[in-house]
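**Student:** Quick note, the sequences are listed as chains A and B, same order.
With the numbering used here applied, the first sequence covers 1 to 353.
With the numbering used here applied, the second sequence covers 1001 to 1353.
A few of these clues could be false.
[What the hints assert, rightly or not] Under the rule of at most 27 Å between Cα atoms (straight-line distance), these lysine-lysine pairs were calculated in the BS3-like manner:
hint, chain 1, residue 1, chain 2, residue 2
1, A, 46, A, 66
2, A, 144, B, 1144
3, B, 1295, A, 326
4, A, 275, B, 1157
5, B, 1326, A, 295
6, B, 1275, A, 157
7, B, 1066, B, 1006
8, A, 313, A, 46
9, B, 1144, A, 96
10, B, 1066, A, 275
11, B, 1066, A, 295
12, B, 1275, A, 295
[Said to hold, decoys possible] Which residues of chain B face chain A? A partial, calculated answer using Cβ under 10 Å:
hint, residue
13, 1032
14, 1147
15, 1148
Simulated from the structure, these hints should not be mistaken for lab results.
Even glycine gets a Cβ: it sits at the ideal position worked out from N, Cα and C.
Protein chains: 2
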Amino acid sequence: MDIRGKAIVITGGYLDTSTAKTAHGLLRGTERFDILGVIDPKFAGKDAGEVMQGQSLGIKVFATVKEYLQTQGILRPDFCIVGVATHGGYLPPSLKEELLFAAHQGIHLVSGLHYMLHEDIDFQQVVQESAIQIFDIRRIRPRKELRFWTGEIYQVKTPKIAVLGTDCALGKRTTCRFLLETCQSAGIRTEMIYTGQTGWMQGYKHGFIFDTTINDFISGEVERVIVACDRQEKPDLILLEGQSALRNPSGPCGAEFLISGNIHHVVLQHRPARKYYDDTEVPIPAIESEIELIKFYGAEVIAMTLNEEGMSKQEILEYQQEMTQKLGIPVLRPLQGELVQLIPKIQLLLADF
Amino acid sequence: MDIRGKAIVITGGYLDTSTAKTAHGLLRGTERFDILGVIDPKFAGKDAGEVMQGQSLGIKVFATVKEYLQTQGILRPDFCIVGVATHGGYLPPSLKEELLFAAHQGIHLVSGLHYMLHEDIDFQQVVQESAIQIFDIRRIRPRKELRFWTGEIYQVKTPKIAVLGTDCALGKRTTCRFLLETCQSAGIRTEMIYTGQTGWMQGYKHGFIFDTTINDFISGEVERVIVACDRQEKPDLILLEGQSALRNPSGPCGAEFLISGNIHHVVLQHRPARKYYDDTEVPIPAIESEIELIKFYGAEVIAMTLNEEGMSKQEILEYQQEMTQKLGIPVLRPLQGELVQLIPKIQLLLADF
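Produce the entire structure from the sequences given, and follow the hints as far as they go.
**Tutor:** Laid out in structure tokens, this is it:
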């Protein structure tokens, strides 16, 4: 499914929360879409970047799709994207209304929700009436499009780094993208493999959507996308976007990437202020234990990266210093441009191969 | 899908190998089907139990379905079951021929292959002509039949034991069933939850088919079936059939059961003679390392159980003695009735809760 074009992103009141992580990813950069604006009544009139990260991006927030079209008539979007990943993947009614309105204006819809727009009778109707298309990114791919793990992964000699995390929704994909840009700036020909719907929306060439894949084919898909990326792009380095966390009870994940993807190096994203797994009362284990666990899967954590939400600058600096000493590995702040400190270590990895 | 009845099982030359693990499970006992015979040209005339485990079961092997029907006319089967789990889940041509023949005789078909019989034009034709039904056990369940993990699992106070293994196809389900029977004989009201298609075929009431579930719903399904089993049966003890192995590259698995199913006790099935993961050249890690890894997921290995294939009796006895000392936990031979030795330990678990 290779679509490209101008787009608006709907966040329905969530723009300042991690529920809008799809929108955040798109705002941080996408090669697939040209983001014209964000639709969110709660933050109308503000700059989307200011709301997301306190830093202007020159992308304005509008209350409704209607307001956008009335005021920005010239810059007409081709696509309207659902920018939230709701718990359970359902579609909030207010979002549905906005999407239907957009569709009636002839704008194609893109959704990464579990809820399949194309199976909803209201959307089916608007497809007929307005001749628009619906792109349900999370559709389940049939068996014939999938393959089993074969061991072909062992032929890939290119170094690979997985960006895993200690929870879901704490910035793995963002850190992975920043690491991609940092490596590319340092002259390392680097490819990033996506494993979530936002990654697809950002336009990376190689990847698959992990959580909608039939379980038996996960390992085969991990292998397939790494092998394809390696053969087609012949990069110096492959980065793999992780999902969830190894011990997140609502969906433990990670072994598939490390074992089936034969990955030996990990950057571990962590949010110190988060004490419990997202939406649970289950405590997140100590970072040392997570690093030990990753070792059991044959991989070394080469750096920890920090999500700073919920901490003062002072707190984050103290935590960073303390953990650097404790763990003996770099503890870095990706949003502060510190990933560049990893480059010498990565250069060594490349030299070793 | 609750069907019951008389059945024959097709194994297409594989009856003496682990490829026929579905047939083996059915021969060892099923409440869903009454097994009348096995169809396997390679072992025609023999007793299926003799071929499988060197011990008669009074179930005869026939060369073809035709031979079965011609000689055993009175005992007419309702179902013909595919008794093999082929690598990649494909349907060998010789098996297809037998299945089509059976269907033409008005016998319903049951298959746990990835290959969907009901999507095959030849089977579609025979369904129309002979008014038989096809039960593709591994069909992918749609999202609306599935649910996410909620944390409800923490309300289950009944002790739970997962039977995990160090590889796939080495007897986890069989050990789990033997443990079920052993506990029941000891007066412990025990339920076994299945997670594979053979478990469904054996007729356990609670469970789901792990490997055909959309990945995002695995944790929710694990939770759902345990909660349902606990509420409906109010058992003393719940056993959970594991799948694959935590570090099997062709499909790592286990964390979902332990973490999302909140399971704290494990019986670990191992086949000492197998040095590499099934169908790979990847060495199986040391058993001590596997036990350590399981600890990271909050569970204790309370016993190791042995698959004796590929070892002499002398070798297995030596191995058993050595490992008992090394690990400090019982190392048991399920096929020799040794699981009964676990009962005191399980009684202690029950008393603790």
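**Student:** Each hint should be assessed against the structure and marked as holding or not.
**Tutor:** Do the hints match the structure? See the list:
1. As the CA atoms of residue 46/A and residue 66/A are separated by approximately 17 Å, the hinted pair is consistent with the 27 Å bound.
2. Taking the CA atoms of residue 144/A and residue 1144/B, the gap is near 22 Å; set against the 27 Å cutoff, the hint holds.
3. Distance restraint check for residue 1295/B and residue 326/A: the Cα-Cα separation of roughly 23 Å lies within the 27 Å cut-off, and the hinted pair is therefore satisfied.
4. Note on residue 275/A and residue 1157/B: the hinted pairing holds, with a Cα-Cα distance of about 25 Å set against a maximum of 27 Å.
5. For the hint pairing residue 1326/B with residue 295/A, the CA-to-CA distance comes to about 23 Å; that is within 27 Å, so the pair holds.
6. For the given pair, residue 1275/B sits about 25 Å from residue 157/A by alpha-carbon distance, which is consistent with the 27 Å threshold.
7. At roughly 17 Å between alpha-carbon atoms, residue 1066/B and residue 1006/B fall within 27 Å of each other, so this suggested pair holds.
8. Restraint check: the Cα-Cα separation between residue 313/A and residue 46/A comes to about 25 Å, which is no more than 27 Å; the hinted pair holds.
9. Among the hinted pairs, residue 1144/B with residue 96/A is consistent with the structure: their alpha-carbon atoms are about 19 Å apart, no more than 27 Å.
10. At most 27 Å may separate the alpha-carbon atoms for a hinted pair to count; residue 1066/B and residue 275/A exceed this at roughly 65 Å.
11. Between residue 1066/B and residue 295/A the CA atoms are separated by roughly 55 Å; this puts the pair beyond 27 Å, and the hint is violated.
12. For the hint linking residue 1275/B to residue 295/A, the alpha-carbon distance of about 21 Å falls within 27 Å, and the restraint holds.
13. Restraint check, residue 1032/B versus chain A: the minimum CB separation of about 23 Å is more than 10 Å; hint violated.
14. For residue 1147/B, the interface hint holds, since its Cβ comes within 10 Å of a Cβ in chain A; the closest pair sits about 9 Å apart.
15. For the restraint placing residue 1148/B at the interface with chain A, the shortest Cβ-Cβ distance is roughly 5 Å, inside the 10 Å limit, so the hint holds.
The structure shown violates the earlier hints numbered 10, 11, 13.
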